[in-house]
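The residues making up each chain are set out below.
Protein chains: 2
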Amino acid sequence: MKIIYCLLLVLGLSLHGHASRPKLMPMPTSVVFKQGQFRLNQHFNLTIAGNFDERIRGASARWLKRLSEQTLLVLNPKQIGDKNAIFKIHITKPAKVALHEDESYQLTVKDKQIVLAATTDIGAIRGLETLLQLLQADTDGYYFPHVEITDRPRFPWRGLLIDVCRHFIPIDVIKRNIDGMAMVKLNVLHLHLTDDQGFRIESKTYPKLHQLGADGLFFTQEQIKEIIAYAANRGIRVVPEFDIPGHATSWFAGYPQFASAPGPYPIETKLAGLDNAPTFDPTKKETYTFLKAFFNEMAALFPDEYMHIGGDENNGRQWNSNLQIQDFKKQHNMANNHQLQGYFNQEVRKILVQNRKKMMGWDEIFQPGTSNDIVIQSWRGKKTLFEAAKQHYPVILSHGYYIDLLYSAKDYYLNDPLPTNHGLTAEEQQYILGGEAAMWAELVTAETIDSRIWPSTAAIAERLWSAASVNNVADMYERLASIETQLEYLGLSHQKNRDVLLKRLTNGGDISALKTLTDVIEPMKGLSRRKQGTTYYTYTPLTMIADAARPDSKVARKFEKLVKTFVSSPTGETAIELKTLLLLWQNNDRLLQPIINQSPSLHEISIISTHLAALSGIALDMISYLEKDKKQADNVFSEQWQQQTAKRIQDARLPRGSVEISPTLLDAFTPLVQRVLQK
Amino acid sequence: MKIIYCLLLVLGLSLHGHASRPKLMPMPTSVVFKQGQFRLNQHFNLTIAGNFDERIRGASARWLKRLSEQTLLVLNPKQIGDKNAIFKIHITKPAKVALHEDESYQLTVKDKQIVLAATTDIGAIRGLETLLQLLQADTDGYYFPHVEITDRPRFPWRGLLIDVCRHFIPIDVIKRNIDGMAMVKLNVLHLHLTDDQGFRIESKTYPKLHQLGADGLFFTQEQIKEIIAYAANRGIRVVPEFDIPGHATSWFAGYPQFASAPGPYPIETKLAGLDNAPTFDPTKKETYTFLKAFFNEMAALFPDEYMHIGGDENNGRQWNSNLQIQDFKKQHNMANNHQLQGYFNQEVRKILVQNRKKMMGWDEIFQPGTSNDIVIQSWRGKKTLFEAAKQHYPVILSHGYYIDLLYSAKDYYLNDPLPTNHGLTAEEQQYILGGEAAMWAELVTAETIDSRIWPSTAAIAERLWSAASVNNVADMYERLASIETQLEYLGLSHQKNRDVLLKRLTNGGDISALKTLTDVIEPMKGLSRRKQGTTYYTYTPLTMIADAARPDSKVARKFEKLVKTFVSSPTGETAIELKTLLLLWQNNDRLLQPIINQSPSLHEISIISTHLAALSGIALDMISYLEKDKKQADNVFSEQWQQQTAKRIQDARLPRGSVEISPTLLDAFTPLVQRVLQK
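First to last, the protein sequences are chains A and B.
Number 593 in the working numbering belongs to position 593 of the first sequence; there are no gaps in the numbering.
Number 652 in the working numbering belongs to position 652 of the second sequence; there are no gaps in the numbering.
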């Protein structure tokens, strides 16, 4: 596929005589561009034929509105429906919003005709997103290039988990993220609804769950219905997670009698280090009576076939301290708490099966003897993933897709659920259903969550939809930048909220110098921010520079690219671009320090700004040297200089205020240094 | 008040040795700054004493969270409640969310003690906003300056009308605007819920009202309750408007039998020129039976004492064409349609009175013989305002507060409901209850509405809260810039959404040059955009450059100020600042034209960019000339040059793409030209 695509693209470029090309993401299975353009005007209309669910009407109307907003063409919603319309959507059958539903489509853009053919309306919805991504402009107006696309997903389960417990994420934020998911063809919204820090869903059966288990912030059942309908209209399933037997403090705020030790249990406000968190008592009949009534209620509310029970990170402490539970283990010949949890899972599974639901859980529920109708979600590594598949358990991958850890899009992108060395048979591979990006909410609020989900989730979406061979990182980043901008058209705020956070940090003052620095710093990655010695609470303000900074600095990547080009074949133009950046950073410190001085919240990063300026100065010296055609005196770039520079770079790596200078940027100094020393 | 404030401020500045001062808006009745600072740290705590409504607890918790977010101090919600707390709130009695409730407060910030005393919890809520505006920072951290403030509103009715009909405005946008209202101490949210283009509230009595009268977008009754509770928690009343007998097409989509001519009546999609819109038939008993059941339902839903029935702009065409209605008029000795509408109003008023509601309506309901318990909302001018007050009708002003017309904040600010020449007795003045900013939604969407409401509504809020003598425009603008930034901390998007709109216009391309231009252009003012020859429909995309541009250009005001300073006493520094701006604009055209060329949606404004560049060149010539100490040859600034320049400025005033170069900017050329000619 890739080769045909690229060849035709090169051809296309020369034929059409313009530089831009549609930036599709996720990349379709097959894309063949042809010569010619479908020019748009205000008479553009469309029709939907065949057998379909009504959701395609709403989807078409929303699509027409977005097209209108991007082109300024006045498109009346009544321009949907005319049988002779220029854009025809053919659908064979109504889709169910369910796992394994057909999402394939074929799209043909020809002269004065567009045809989108799909087996189901959900396939058509996927195709509509592709068509909008094809939109191009030139001086004469807007057009779609002539093209033939056939497309289908590689994996049937392509999800985004949103934790709404640690910090509550309100319905409007959920909705705009559902729109973002639809744009990149994700199809599962996994709502992590209960955890130690909050019970975020209304229960009519046990109202104390949300009344005492949350700080007033939870989804009403009406809102849950609204979310499910909103997602279903975009061909997206909603899988709820109720995390048991651990991660369950908020359950016990209202119902302490089901914990394995006496309460009371106030809602947890700490965000980590919860070794003493309470756990359901798996030995009491009452526990299952309680859970049964609860799951019956939830099973009626959530239409999806799958229900997630969590099951992760139960350290067994409460069980070990409870003599009655220890007796129970002995009586039932259970060698350890793992087996006891297996028993608990089986009991819960019965409740779910009675409700015609399939049970889903994290790695820990994968135990010998468990029925094969459960789905495992692998968060600890690929070992469980492959092992489960070998034992014919359906399984999805989340390890390596934890977007709250703020790694680069590249890292997530190259994390393939079926890497070349998987060693699975064709049959076993079928059990790997896909994966889910996981947005844990310890360190995000409604104001910042979009900036952690996007755009990296779009890279994960491509990994799960497109062929394994679509893995060119540079090409991905180029397309990602385009989709990142388009995602904000939907109301997402991953880019636009940054300046608001910066203004708060400067107390409403000028933020231009702070922006320049923020462009090249990144929040600490992995768990390091939380492990820095600061205890984070649910009420710790997340309005720090680390919350304004975003992962995977674009400017750092640009710098890296410029350095690579410059050291391999230095040109005047590359040198100018490099020097412009370096002078900006060098000069910025002088502008920023007075602002930092008056902004107590920024004091910590003063040294980071200074480091960046100092390194920029060194880099400018190196470039200036490399640009000259004469060999300079040895003492300029002596061994001592080399050691000092290495130390400076090392010092600059030290995080402050939970941010660090982009490692990509700092790493890019190495080739410069090497080049200087070679000369 | 003003004098004490200013004197102490000058004193304060020299004593404290730092340049910034709290920018309060609306300006309190009395502010006396003292020497000293209350320094904030993580042990900051507060307590609430006295007799109050529970809403103050939630308000305090939200306030503490905002303080924490602005200072990065980790403030546990449990730091509310300790009796020995450093910040004491004293409240005398629980407030009712009702007209004429006491909103006064006294605030004292001393060394290690803050006291906020208020008659009611709503007064305390107003005081909390003032205290947060007092927050200052220096290199040592955050503090409140020592101060004594006493404050109370000038008018009891300070509202914002939001039209949710022409374009639906969803609940999250309403909520964030309620937060904005609370920040500037507004106390009435007037929801314009029904109009020709949409019936935006669920009716359980007559479901076809929202089902057929809207495009699926309306508030459910649950959402209305949520809005009312959200507003009440911030001391804000919600007054609903159901516009009858005209502006009523959406009622007849489901119930055509109550119109004055046979239907059917599809929902109106045109946004202006609706001369043939249908009108309720005021002669049928069934009309009143229908309205009675409807208003009974709404009266139970909305707790406020006031209910708005619109009553505006009924042109009487349908009544004139209906013989039965003409007969009715004759039978009842009605001389004209005005009298017939008076009859209709009286019948509707009876229904409202039975529901213990007071009727409110626009100018047109002010008719001889109408009971004095109604409230008039004056939209056509101050004549009705004064006339109503003289006849002892309560009345509020909206004429001059139509923020959808995009005039400058100055214009709104100087529109006083009781200007010096009002000619009313002290008693008559009491009937003028206040005013309402009116956000009509013909040309806004959820994406752009904040940028039309804010910050100008903050200027109106000050007009209605603060003393009439607080009317220094330059001072207002300085404080407005500060409040504008703080409003975005609440989630409002008046500044941050602009770049998203610009990116859509450049198809995701670089927007820096477009931003430079957009900084000095403004959307057309008044009704001129709608009257340009373009017919606007509800589906016309509002993603044009005119939607991205904002009224009352800050940069233009800065330019105006620089020119004034320069022509009166030219200094090198002012000249540099002026030249920097002018060179930016002159050079920008070269950068912007290639982008405009590839962005069909921007073609129209190409000439605007060129005009700006050309005028900037002329201004640079003038400044260069004025900077020189020698008299140049006459022919450089000849009469011909003068005429050509005047014509260029005139040409540059012509709007394109519904935007124009800021008139403030263009007007600022005149003093420059005059100065050159004087020399």
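Please note that the accuracy of each hint is not assured.
Examples of chain B residues lying across from chain A (beta carbon under 8 Å, computed) [unchecked claim]:
id	residue
1	N45
2	A49
3	L75
4	A137
5	Y142
6	D172
7	E488
8	K496
9	N597
10	L654
11	S658
Keeping only pairs whose Cα atoms sit at most 25 Å apart, straight-line, the calculated PhoX-like set for lysine-lysine is [to be verified]:
id	chain 1	residue 1	chain 2	residue 2
12	B	K110	B	K208
13	A	K175	B	K496
14	A	K558	B	K515
Distance ranges between label pairs, derived from CB positions [to be verified]:
id	chain 1	residue 1	chain 2	residue 2	range
15	B	H603	A	E478	24 to 32 Å
16	B	N51	A	L584	34 to 42 Å
17	B	P266	A	G216	38 to 46 Å
18	A	G58	B	A614	43 to 51 Å
19	B	L323	A	K110	19 to 27 Å
Think of the hints as simulated: they come from the structure by calculation, not from any bench.
Ideal placement from N, C-alpha and C gives every residue a C-beta, glycine not left out.
Hint by hint, here is what the structure shows:
For the restraint placing N45 (chain B) at the interface with chain A, the shortest Cβ-Cβ distance is roughly 13 Å, beyond the 8 Å limit, so the hint is violated. The closest approach between the C-beta of A49 (chain B) and any C-beta of chain A is roughly 23 Å, which is over the 8 Å cut-off, so the hint fails. A hinted interface residue such as L75 (chain B) counts as satisfied when its beta carbon comes closer than 8 Å to some beta carbon of chain A; here the least separation is about 7 Å, so the hint holds. A distance limit of 8 Å between C-beta atoms decides the matter here; for A137 (chain B) the minimum to chain A is near 5 Å, and the interface restraint holds.
Annotation: Y142 (chain B) was flagged as interfacial toward chain A, and the flag holds, the nearest CB pair being 6 Å apart, inside 8 Å. At its closest, the beta carbon of D172 (chain B) sits 4 Å from a beta carbon of chain A; the interface hint therefore holds under the 8 Å criterion. Hint on E488 (chain B) holds. Least Cβ distance to chain A is approximately 5 Å, under the 8 Å limit. A least Cβ separation of about 4 Å between K496 (chain B) and chain A falls short of the 8 Å threshold, and the interface hint therefore holds.
This hint holds: N597 (chain B) has a C-beta 5 Å from the nearest C-beta of chain A, less than the 8 Å allowed. Restraint check, L654 (chain B) versus chain A: the minimum CB separation of about 20 Å is more than 8 Å; hint violated. This hint is violated: S658 (chain B) has a C-beta 11 Å from the nearest C-beta of chain A, more than the 8 Å allowed. Between K110 (chain B) and K208 (chain B), the direct Cα distance comes to roughly 60 Å. Violation of the 25 Å bound is thereby established for this hinted pair.
Note on K175 (chain A) and K496 (chain B): the hinted pairing holds, with a Cα-Cα distance of about 20 Å set against a maximum of 25 Å. This hinted pair checks out: K558 (chain A) and K515 (chain B) have alpha carbons roughly 23 Å apart, not beyond 25 Å. Checking the proposed 24 to 32 Å range against H603 (chain B) and E478 (chain A) shows it holds: the Cβ atoms sit about 27 Å from each other. Distance hint check: the CB atoms of N51 (chain B) and L584 (chain A) are about 59 Å apart, inconsistent with the given range 34 to 42 Å.
Taken as a hint, the range 38 to 46 Å holds for the pair P266 (chain B) and G216 (chain A), whose Cβ atoms sit roughly 42 Å apart. Judged by the Cβ atoms, the range 43 to 51 Å given for G58 (chain A) and A614 (chain B) holds: they are separated by roughly 49 Å. Checking the proposed 19 to 27 Å range against L323 (chain B) and K110 (chain A) shows it is violated: the Cβ atoms sit about 58 Å from each other.
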